[in-house]
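Asker: So the sequences go chain by chain: Z and V. In terms of my numbering, the first sequence opens at residue 527 and continues consecutively. In terms of my numbering, the second sequence opens at residue 62 and continues consecutively.
Treat the hints with care, as some may be off.
[To be verified] Here are the simulated lysine-lysine pairs, BS3-like style, with alpha carbons at most 25 Å apart: (1) Z:Lys942 to Z:Lys932; (2) V:Lys240 to Z:Lys805; (3) V:Lys218 to V:Lys348; (4) Z:Lys907 to Z:Lys548; (5) V:Lys212 to Z:Lys805; (6) V:Lys210 to V:Lys239; (7) Z:Lys942 to Z:Lys805; (8) Z:Lys645 to Z:Lys896; (9) Z:Lys942 to Z:Lys874; (10) V:Lys70 to Z:Lys805; (11) V:Lys239 to V:Lys274; (12) V:Lys239 to Z:Lys805.
[Stated by the list, open to error] Among the chain Z residues that face chain V by a calculated CB cut under 10 Å, a handful are: (13) Gly740; (14) Gly806; (15) Gly819; (16) Ala851; (17) Met854; (18) Val921.
Because the hints were derived from the structure by calculation, they are not lab data. Source: prediction; values computed, not measured. Just so it is clear, CB atoms sit at the ideal spot from N, CA and C, and this is done for glycine as well.
Spelled out, the chains give:
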Amino acid sequence: MPKRGGTGLLIRGGLVIDPAQKLEAVRDILLEDGKVKEIGVNLSARTALRAVQCLDAAQTWVVPGLIDMHVHLREPGRQSDETIATGALAAARGGITTVLAMPNTEPPVDNPSSVHFIKAKAASEAVVNVLIAGAATVGQKGERLTEFSRMASAGISAVTDDGRPLLNSELMRRALEYARDCGLPLIDHCEDENLSAGAPVNEGLAATVKGLRGIPWASETVMVLRDIALAELTGAHVHIAHISAAQSVAAVRLAKKRGLPVTAEATPHHFSLCDADIKGYNADFKMNPPLRGENDQEAVLAGLADGTIDAIATDHAPHGPGEKALAMALAPFGVIGLETSLALALTKLVERKILNRRQLVERMSAGPAKILGLKNKGHLKPGADGDITIIDPGVSWKVEAPFASKSRNSPFIGMKLNGRARAAIVGGRVVHAL
Amino acid sequence: MTAKTWDRKDLLGLQELSASEIETILDAAVIFKSSSKISSALSGSTAAFLFSEPSTRTRSSFEVAARRLGAEVLGFSVASSSLLKGESLLDTLRNLEAMGVDYFILRHEHSGVLESLAPNTRASLINAGDGAHEHPTQALLDLFTLREKKKTLKGLKVVIVGDILHSRVARSNIHGLKKLGARVTVCGPSALIPGDIEKLGVAASHDLDAALKGADAVNVLRLQLERQNQNLITSLSDYFESYGLTPARLAAAPGCVVLHPGPINRGVEISSQAADGPNSLILEQVKNGVAVRMAVLSLIGQWRKRNA
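Kindly generate the complete structure, drawing on both the sequences and the hints.
Answerer: See below:
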């Protein structure tokens, strides 16, 4: 589709959706030197003489590049499941131009050198922007805080012990205080591990019938409520990762009403599936938090609709087929999501009128940009980063291997979805095109 | 006559069986019980046992049943660690299948393992207990014993008391009893009753005396003694105080028969007097177990001949 050209890229005739400019109209966008140069009608007439690459975007939506703020790239340590390079390719294929890499690698990203390592690797190998979250505690052991300031100087965008909660409330308080002082959001994986210990799926009928231990919704909500209290105490921004329980959504809604600095994200699997959808004992349906009840799924949808939930994030968690062939109780938690996230949002949210197009862009781009304090992303004003996702809303496709990801642990394999990314542009460069 | 209504390679659980499939097994078991002699239904075939958990009663019962039907029997106690991976267990199965094993009688500590294996082997799998999921032949012998004693299961009130949360016997019994028209109450402390159990169409109770009122049968589950270390019970004697079956409690339900899948913890979930009392069917259950397992094996054997 793209023609070879100079440093410029002209995206012609697409429906440009940019909530920041209250724009939802057919426009041309000119990118130059990796930035948005201009948005307007019929820019091609004026740029015809210049050396620009042209992209025909008729019948598509042109939106600020999607940002997935919850991604496990597995490098360093588990490159057989994913690498920075393959995770970035999977993101691009899914229309995601920026990812926030979680720090629970082996070893974890808990010091400035590790941050530099990921940055250097990403700069040379990743086709999308890779932002980095630093661990909140050394070795993610929940004992000693990491060096927030030095990691901030090295360029982290958030602090989190994701994969594990910060169980100790005193430690959580101090982590929030330092995060606030460094101007970073603290992302918490809310789970009281005593309540959830040893259980692979949500507590309820599905677990009961299958004879599996259940994780009660309260294991998440007690920590969400605690985090809200500590956000109020410290004034720090706490971001609730992968919110899944109805009562947690209600708690965040109330906290926001009270003006507290609390934000939340939800995953495509939590808004698309519930525990009744788990196929037999297929561990590709095992993730943490687990697929909840139908009422929880409805609450997540309502939270996305009314803005209680600010962002859609995948919690992309690659695991090789050997690990997932284990019995349900033993298989690791986690599913991949980068390549299906946008299509699920289009199919399950936009098509069903849970979200309109503008809200879709807010939850998948503007919202996460705001949470992470990214001034030049999440919108298409002149001067913004030249990150753009071009969406073909009309195409139907079936989720199936091969994936760009090294892993294929997706609960959506075989599902028919409507709409997908036709192209992904990062810093003015086309990194994915169908 | 019965062969026509059985069309399955495996017996994985009672949840997936229809009432008529269950009755087919029970009817076949009636014949095996009345003429518990040698048959040649399975002659020339081989049954292998793969047990990752200890078992004396279920395993011996299956072994007697398979031998009476003329099968060769191959026994394995597989260390649970080598059974951990679904794939390596499948490898074990396929190797034995290549040696000519037709039937696998499997017990595994993790729920759902048989369900993952069954579509990947031509051999027949018979579930001898998987995790807290199902133990279909135990439930079938419970149903058989009750039906024999009470003529029909329709309308019977059956109480299952004890650790429902961890019990595959309870789950298989609930499926079977409901399909055959019985009313079921599960009874135990809240900590041992799994979430949303009522959605299976059973009543849940935390008061054994109330639950036993008007009961036709009570199935007493074995309590694993380590539950007290997990704070799931307060103490064994405290448990017995609330949920132990005694003649005094049984007096409130005249004609109520007593079942127990064994082995019994006397003085924990049931008193000796209740276990050995006039209404106890516990040894009858053991006897019926052989006939029921012969019925299962022979029905699957007939299916294998038809589908050879």
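Asker: Please go over all the hints and tell whether each is borne out by the structure.
Answerer: To see whether the hints hold, each was checked on the structure:
no.	hint	verdict
1	Z:Lys942 to Z:Lys932	holds, 22 Å
2	V:Lys240 to Z:Lys805	holds, 23 Å
3	V:Lys218 to V:Lys348	holds, 23 Å
4	Z:Lys907 to Z:Lys548	holds, 11 Å
5	V:Lys212 to Z:Lys805	violated, 38 Å
6	V:Lys210 to V:Lys239	holds, 18 Å
7	Z:Lys942 to Z:Lys805	holds, 17 Å
8	Z:Lys645 to Z:Lys896	holds, 21 Å
9	Z:Lys942 to Z:Lys874	holds, 11 Å
10	V:Lys70 to Z:Lys805	holds, 21 Å
11	V:Lys239 to V:Lys274	holds, 19 Å
12	V:Lys239 to Z:Lys805	holds, 24 Å
13	Gly740	holds, 6 Å
14	Gly806	holds, 5 Å
15	Gly819	holds, 9 Å
16	Ala851	holds, 5 Å
17	Met854	holds, 6 Å
18	Val921	violated, 33 Å
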